[in-house]
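Respectively, the protein sequence lines represent chains A, B, C and D. Per numbering that gives the first Met the number 0, the very first residue in the first sequence carries number 0; after that it's consecutive. Per numbering that gives the first Met the number 0, the very first residue in the second sequence carries number 0; after that it's consecutive. Per numbering that gives the first Met the number 0, the very first residue in the third sequence carries number 0; after that it's consecutive. Per numbering that gives the first Met the number 0, the very first residue in the fourth sequence carries number 0; after that it's consecutive.
Watch out, some of these pointers could steer you wrong.
Derived pair list, reagent style DSS-like, types lysine-lysine, alpha-carbon separation capped at 25 Å [said to hold, decoys possible]: (1) 306(B) to 266(A); (2) 306(B) to 253(B); (3) 34(D) to 352(A); (4) 253(C) to 162(D); (5) 206(A) to 162(A); (6) 145(C) to 173(C); (7) 145(A) to 34(A); (8) 173(A) to 162(A); (9) 34(B) to 352(C); (10) 173(A) to 145(A); (11) 34(B) to 306(D); (12) 352(C) to 352(B); (13) 352(B) to 34(C); (14) 253(C) to 300(D); (15) 173(B) to 145(B).
Sample of chain D residues with no beta-carbon within 10 Å of chain B, all distances over it, derived [said to hold, decoys possible]: (16) 31; (17) 45; (18) 147; (19) 206; (20) 260; (21) 266; (22) 306; (23) 309.
According to the in silico footprint, chain D covers these stretches of chain A (three or more CB under 8 Å from chain D) [as the list claims (entries may be wrong)]: (24) 31 to 39; (25) 67 to 74.
Treat the hints as calculated values from the structure; they're not laboratory data. The beta-carbon is built from N, C-alpha and C at its ideal position, and this holds for glycine as well.
Spelled out, the chains give:
Protein chains: 4
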Amino acid sequence: MSGSIFGNIFKVSTFGESHGEALGVVIDGLPAGVKIDREFLAFEMSRRRPGQSQLTTSRNENDAVEILSGVLDDISTGTPLAMIIRNTSQRSKDYSNLENVFRPGHADFGFFSKYGIRDVRGGGRASGRETCARVAAGAVAKMMLKNYGIDICAYAQEIAGIKAQSFDRREIEKNPARCPDPLAAEAMAGAIAAIHAGNDSVGGIVKCFADGVPAGWGEPVFDKLDARLAYAMLTLGSVKGIEFGDGFAVSAMKGSENNDPMLAGGKFATNHAGGILGGIATGERIEFAIAVKPTPSIAQKQNTVDKNGQPQEIVITGRHDPCIVPRIIPVVEAMTALVLADFALLSRCAQIKIK
Amino acid sequence: MSGSIFGNIFKVSTFGESHGEALGVVIDGLPAGVKIDREFLAFEMSRRRPGQSQLTTSRNENDAVEILSGVLDDISTGTPLAMIIRNTSQRSKDYSNLENVFRPGHADFGFFSKYGIRDVRGGGRASGRETCARVAAGAVAKMMLKNYGIDICAYAQEIAGIKAQSFDRREIEKNPARCPDPLAAEAMAGAIAAIHAGNDSVGGIVKCFADGVPAGWGEPVFDKLDARLAYAMLTLGSVKGIEFGDGFAVSAMKGSENNDPMLAGGKFATNHAGGILGGIATGERIEFAIAVKPTPSIAQKQNTVDKNGQPQEIVITGRHDPCIVPRIIPVVEAMTALVLADFALLSRCAQIKIK
Amino acid sequence: MSGSIFGNIFKVSTFGESHGEALGVVIDGLPAGVKIDREFLAFEMSRRRPGQSQLTTSRNENDAVEILSGVLDDISTGTPLAMIIRNTSQRSKDYSNLENVFRPGHADFGFFSKYGIRDVRGGGRASGRETCARVAAGAVAKMMLKNYGIDICAYAQEIAGIKAQSFDRREIEKNPARCPDPLAAEAMAGAIAAIHAGNDSVGGIVKCFADGVPAGWGEPVFDKLDARLAYAMLTLGSVKGIEFGDGFAVSAMKGSENNDPMLAGGKFATNHAGGILGGIATGERIEFAIAVKPTPSIAQKQNTVDKNGQPQEIVITGRHDPCIVPRIIPVVEAMTALVLADFALLSRCAQIKIK
Amino acid sequence: MSGSIFGNIFKVSTFGESHGEALGVVIDGLPAGVKIDREFLAFEMSRRRPGQSQLTTSRNENDAVEILSGVLDDISTGTPLAMIIRNTSQRSKDYSNLENVFRPGHADFGFFSKYGIRDVRGGGRASGRETCARVAAGAVAKMMLKNYGIDICAYAQEIAGIKAQSFDRREIEKNPARCPDPLAAEAMAGAIAAIHAGNDSVGGIVKCFADGVPAGWGEPVFDKLDARLAYAMLTLGSVKGIEFGDGFAVSAMKGSENNDPMLAGGKFATNHAGGILGGIATGERIEFAIAVKPTPSIAQKQNTVDKNGQPQEIVITGRHDPCIVPRIIPVVEAMTALVLADFALLSRCAQIKIK
């Protein structure tokens, strides 16, 4: 596998399977002098951890992060910062009945086609557990971005067709859905519980914004800011779409509606663009939404085939999130932070005089 | 600018401004032995060229491609294949009134913030004209993918709120909207004309599919097939969103609805996934849709500011597409081809034994 | 720090300081299906380990490698293979007297200039201990190259002015100098001991060859085989030069002497080129030599300055190799293996038909 | 071919065959605001051009550079700067007798093994003519480095066994050998003439230094400054070795001789290291030497084989340099400039606070 390295200057290299020894990440390109806040790191990990609520899986993953290098007296040294998270709570026997069959909605068949190998234990590298390395790296990226005054926030905008109708940031971490509208949050929780009771799962929409990104970040023409964010978000196996600003609604809009007029001083009157024009930050809030599919592992009978292409019926037991939206939220923030950290460094190279 | 190189093994490096001497692209990584079809190259360029119909700009760009290297007797040699397209029809004076103001909906302000330089002539590097280098490269990628039996097709699914209701591939290139439904195509043309008459522009939705992509293409975990396609599509300045398979509709779907059951022999009963699971091709049709914003250049009064942050009114004259959808279609195919050509080569490296 | 990732497709990302928690490496790009031989891995580590003989440092580094991912039933899965080596025998107090001064011949001053941070403990990231991650990665690369029939061998050609006069491969691992000439080996050992007794150190020359590299490996024009090998070798802090084939002797040679005539069947009568012409393997033995400088840490008084630029005298105590040649040999082989593994995969992409 | 792109942030992508339409280069990553000096560009090209003297080939290559993009009013815009050089003086018939045979000392056989294609015209991509794109790019890199006060100089240290005994920089460009010692220059010219008269060629040694490189440039552990320079130099097909500072002489030196003591204020008493320790610039002069092999194309009978592996005799006619040293000198400077320009930008990313 080539493909587990992300970033141009701020590069992360992740590794690990859900039921192997450990997962981890190496950050190559973190500048020296960043304050490393271990409490914040643990906090970010706890946000992704399963078993936080009834809405998420009851697996009890103990996601303690060990920092192996790159830090001296809680300050980054400029050398690669490596972190590992041991796998401690894996129950491989949960997967023994899957050894020869492909799970619908999963990457099993693709991986087998690609590598000729079936690593059945919890999905192996394709497991959502892989994202804990990203959250660790993203926490470090956030520490770096603090020096730039950048603030990133993601939340549940919609679950099971129920939409948030209001936004109060303080509410997000107070409810298990991570919804900024407490009334919608309650409805979402009810809907997920009902669907789970029916041995099914459900999808949703996550919104994310970043404040404080300076005008000018983003690299034309391929490494546009939105292109890299889209790239980053679609690296999450359960994400099926992304839109910036007005997004798909632009398809029926006129130019006169979609254009954002500029105001004296270089601000914008509106932000239909979601803070990015031609791939370059405008200085306004960066805004995007992503579509999260329903968890494919469901405890009801499904048709599939085995490694020999023979039809089989499958019921996936084990502990799985009925809705992945609440737990993907810290991962979305983490990936956003990785992208922005990279552009922070790239932006230093745009002019011969350092701004 | 760092950021004009795309691809892991099949790498394209593009250059050129809309009103400079020439645009072009270097392909580094094209294998030896690919038949180079100059007629097909010219045909692909003609599909992107302005002035094809009333729906597109009347600028007359003569997009002749000159191949400078990498080809001997119409066969690729394995060395970098460079192509240039001279700028011949530029009317820089169209832009002289823009010298000091930022156009709403454009990258002007971002570029100026980034580089401290205002290249006003036609948008410079941020111009849509930049994409002609991509179409040239994409044509070569398609020639390479022919060896794999891969077929790529994009078309207008929706313009100005009018949706295609039927699909006949033969219709696509027959109407100026590039819509596979001839009735919808006519309605789209009417809608664009009316909006143009009102000095406005409009957006739409492009769909794209690729047949023949083998199960197993795509690289976990970051270089997922959909992640790279999303990356590629969002490198287009007017694209504001992308979705794969059921896309944003997954937000209200259940796992039992969204999962694609497998059939005997390794095929799938449905294709909600759009041909990609966990970032790896399933062997089914790759399918995605992108949201295209209305052209920002409109011939009506808009509020903006100049380089000093002072309020200005602006009316953008010159020749601009009232709807970019028809002309972005060959570019979407080109970018898809670039992504797939890269994965074709990466897929050779997945196993120690070459499959 | 950006710069701890090496390779195009077979990519290694290393991390770790000499006195941090652990060192390690992530290999991203190892194909699936490679037999992972843990005994061979341990053997390679033992070859690099200090304390093997009187010629090397008496530090007792316990370089047990833990494989964290990418392997199932002793076969590579295609996913990133991560390995860590815990630091267990570090005596940071050996370095306490160095906290504020720069050691002559070391990277201290450069690191401080670069990062503004002084990680004194054993040289931090600049320590030779960093190479144990490379040896681990190189061992895996060798396992992969076994599938290609490639054999790599490095040895001491010269130490303290004493040159090997004969070559018997079986002798190399039998003597502490790793010299293929047992008589020279004995003289080398004597010379090192004498120099060590005088609180000094000494340099030497390592030769390396690789058999079995097929004609055609190497990528023009920048990723030439010799260019990548030179790159790889000079990543070793104590290497000050490299030459291929006739090397610096070509400066006084004529073309008629240096050219290698070809023989019927595509072999060469001679190998002045060292197996590489124009950056591409000829199919002959790849041969190069590298210059290894004397260990800079010596137990005699030297002039230097402290962090404030004030003159200081320094005597470096602690356990240091009087001659690094014997222990760099496995590292040279490892780096050679990393380069060749990368080209093995790149070579699959040269033609549209897979050879 | 993958492999024609060089650099991490300051990236050059070159293309072109010696007898194709044109050669060229795209620089992606040149910051905005660099003064582009077209006269200096032409001057640098003239230094590489054949036919400058009796010592070099009499081919008359008209190496006019056309800048296609990335420059506005003689200032770099931050977008990719592309340049092409048309091939105008090629005499392909000179090569018609080589169509089926491999030239000793050339990359022909390797290229054919790699690509299965024989591009005989002047060596195709493996021709030294390819380096004119590098010189063009290097000239731009020098313009950028001027902002840093960096000065690069290469010269002939040895040709045909004749060594420069003195150094007067003003002499270098005054004599055809580009030797800083006018007496040695004359002897070199005589030696080359005599060897040429005997239908043979000869090699030499080029030295290069760079002044003004700040302490701290270079990226541990793989992207060391010397590692990247070695990489860069060995990308030249006729270079067979490189050494930094004392180079191969370190093999017989003691640590006490090789270490450079530091002086008050952070300077060094000596520069055995050649300005680089542990891969990081010390602030002293960067110094290295490279071994240049004799031109392989000689007008005397040599043994070789044809594409079918059958023995053939070959006499290479056409216009070839009897000694490549004088003309490689500007290329060595160019590659040095490319490496340093990259590190100039990377150095901006080492600390969270921009220095």
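Checked hints:
1. 306(B) to 266(A): holds, 12 Å
2. 306(B) to 253(B): Violated. Residue 306(B) to residue 253(B) sits at ~51 Å, over the 25 Å cutoff.
3. 34(D) to 352(A): holds, 12 Å
4. 253(C) to 162(D): holds, 16 Å
5. 206(A) to 162(A): Judged against 25 Å, a Cα distance of about 11 Å means the pair holds.
6. 145(C) to 173(C): Between residue 145(C) and residue 173(C) the Cα gap is close to 23 Å, so the pair holds against 25 Å.
7. 145(A) to 34(A): With a Cα-Cα distance of about 10 Å, the restraint between residue 145(A) and residue 34(A) holds, given a limit of 25 Å.
8. 173(A) to 162(A): Holds: residue 173(A) and residue 162(A) sit about 17 Å apart, inside 25 Å.
9. 34(B) to 352(C): holds, 12 Å
10. 173(A) to 145(A): Between residue 173(A) and residue 145(A) the Cα gap is close to 23 Å, so the pair holds against 25 Å.
11. 34(B) to 306(D): Between residue 34(B) and residue 306(D) the Cα gap is close to 22 Å, so the pair holds against 25 Å.
12. 352(C) to 352(B): Given that 25 Å is the threshold and the Cα spacing comes to 15 Å, the pair holds.
13. 352(B) to 34(C): holds, 12 Å
14. 253(C) to 300(D): Given pair residue 253(C), residue 300(D) holds - Cα atoms ~14 Å apart, limit 25 Å.
15. 173(B) to 145(B): Status holds; Cα separation ~23 Å.
16. 31: Per Cβ check, residue 31(D) is inside 10 Å of chain B; nearest 4 Å; violated.
17. 45: holds, 22 Å
18. 147: Nearest chain B Cβ is 18 Å from residue 147(D), so the label holds.
19. 206: holds, 31 Å
20. 260: Since the minimum Cβ distance to chain B is about 40 Å, residue 260(D) lies beyond 10 Å and the statement holds.
21. 266: Holds: least Cβ distance 34 Å, greater than 10 Å.
22. 306: At roughly 15 Å from the nearest Cβ of chain B, residue 306(D) sits farther out than 10 Å, so the non-interface label holds.
23. 309: holds, 23 Å
24. 31 to 39: holds (count 3)
25. 67 to 74: violated (count 0)
Going down the numbered hints, you'll see the structure goes against 2, 16, 25, while the others check out.
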